[in-house]
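2 protein chains.
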Amino acid sequence: MQNDIFLQACRRLHVHRTPVWIMRQAGRYLPEYRAIRSKVNFLTMCTTPELAAEVTLQPVDTLGVDAAIIFSDILVLPQAMGMKLIVEEGKGGPRFSEPLRTAADIQKLIVPDPCQKLGYVMDTIRLARKALNGRVPLIGFVGSPWTLANYMIEGRGTKDFLSIKTMMYSQPSILHALLDKIAQSAIQFCEAQIQAGAQAIQIFDTWGGILTPDDFKEFSLRYIEHIVRSIKKPDVPVIVFCKGAGFSLKDIAEIGTDVVGLDWTIDIGNARTIVEGKVALQGNLDPALLYAPPEKIREGVKIILAKYGKGEGHICNLGHGIHPDTPVEHVKAFVLAVKEESVPYHSY
Amino acid sequence: MQNDIFLQACRRLHVHRTPVWIMRQAGRYLPEYRAIRSKVNFLTMCTTPELAAEVTLQPVDTLGVDAAIIFSDILVLPQAMGMKLIVEEGKGGPRFSEPLRTAADIQKLIVPDPCQKLGYVMDTIRLARKALNGRVPLIGFVGSPWTLANYMIEGRGTKDFLSIKTMMYSQPSILHALLDKIAQSAIQFCEAQIQAGAQAIQIFDTWGGILTPDDFKEFSLRYIEHIVRSIKKPDVPVIVFCKGAGFSLKDIAEIGTDVVGLDWTIDIGNARTIVEGKVALQGNLDPALLYAPPEKIREGVKIILAKYGKGEGHICNLGHGIHPDTPVEHVKAFVLAVKEESVPYHSY
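These protein sequence lines map, in sequence, to chains A and B.
Residue numbers for the first sequence follow our numbering, beginning at 1329 and rising by one.
Residue numbers for the second sequence follow our numbering, beginning at 1329 and rising by one.
There are no misleading hints in this set.
Treat identical chains as interchangeable: a pair holds within one or across any two.
Calculated lysine-lysine pairs in the BS3-like style (CA-CA distance at most 25 Å, straight line):
| no. | residue 1 | residue 2 |
| --- | --- | --- |
| 1 | Lys1545 | Lys1578 |
| 2 | Lys1545 | Lys1624 |
| 3 | Lys1487 | Lys1624 |
| 4 | Lys1635 | Lys1578 |
| 5 | Lys1630 | Lys1545 |
| 6 | Lys1635 | Lys1545 |
| 7 | Lys1487 | Lys1419 |
| 8 | Lys1412 | Lys1445 |
| 9 | Lys1561 | Lys1578 |
| 10 | Lys1624 | Lys1667 |
| 11 | Lys1606 | Lys1545 |
Just so you know, the hints here were simulated from the structure itself, not pulled from any lab data.
Throw the hints in and build the complete structure from the sequences for me.
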């Protein structure tokens, strides 16, 4: 491995500067991504290992980030479980045409053999590892059971999440049966990704933050913990990112994960105090700051580095996925600012 | 005043049970509201004092809540400042047809004389006070400068708030000029509402939670504080509700407000510890829980009452506005549960 500072930082070991990567870094803001995307649809990109591996490497080449993350979508797992995934151009993100409604719907879902149903993801990982040739580590990922259940029950992203919440409050045992099935599927999927060559796993809990703290623990965090403890291996760090769930940071730091991702609504200095050295922290620049001029972006980076302070265990990233129309020069300015400004925080 | 437990609780004085009202309680979930709404459009309802006063009283009659809140919309203030407000049936909420883009756009806005430009709101207050005849107190309200600025710059509610954030990060002084102008307008508007008979004022900061803690203080909380300290009178309590800003609860409790509203992502027991007796707390049942059967709603109420614990300074409410298609019987069950279950917490 030529550059393993990302993996070192995940383990809170000494690095010469803070590593940086960007959530959704293989994406539409990159012209070379749009060049490929203009020829094929989103799902074809996900399911064609050559294309997925190619876009996985683009931000490494263009931005010089310290980790690659496979190009895929969290919804490929529910699809492999038996849900019908649809992407219509210009009609918002992917959605499920037959959202789950009843216990019988959930009963019908399978716990898929990932090598059989999601082999294209593992092929992407193998191709990307080969193409990376040890330049930077490769991250695999999965959606959290709560977040995937949201899409599976609502059909698509919603504002109020009333269908899943009605099920949660009225028939919690049905929802638990679904969450358990997703967790089992996610564990096998993560293990297959690691087997294929993923060197870290990030669990995305995009919607944990819409719950009360008690419900977050019962319906989201316990399933994430089950995944983390099941897939944990000494040499493959796990990152847990629960957007909007800063209220439960102390709890998240105690489920055995190596790294906790932070959105931008948390002060990373306070967060470091709260997690008491149990985990590394990843984040947390507001993605909207990348629309500002480069000197403002650098200021934002300096503030986050100063808030985290001296010492190890920080991976710089945005607090959420990068917006599709972010100017690419600004993204480069962000990466460069982290590389340049972080050095003093690691010399002591 | 026949029932002033809401006002007493705002001041953390002794009450025999916990008062309860519901954000957006004069709304579409009520059949008697829909009966009026079917005949006139939303803005006509807001600007016709007889109709606005009538729907203001409906939840008092139907649900037996302990406070009325005038039927209006936070966007009438920007409209009075010179923005063009449009409501098209079936095309989402109200929006501004010419969103603010430049310093010149902001320069053109006026600080309106509320009695001249928003007289219908003050007329609504006078009519509602007369019709209430001392049954329960009447709450007036205003949007926070940050939240109003969001709508004024984005044009309507958005997912990512990129226009206002770009202005905030790139040209903060322009945004501050706007926020200052809105704050001045809001102060005069609140004072006119109090003059007309509003017995409490709630400041709604729906979008404070999309900011970093530092930016929340600079761009939202300082303007709310300016309003609170300007309008403060010993007999008119102020409630500040910043949705999603639980990360700044300690700061919010220190701006001179009497009551802090909580959304459901905060544990109200922890919140009570954090605010250290400086303010009363209002909230915080997840509005989605009102889709569950009445016995589950009662369970949810019991949990919140138990978390807050014995003693004064709690006003029960939802953690956000009620959803428009909530079953009205469930809303009644919520109000009744608070009235019945809260008694023991006030006898000691």
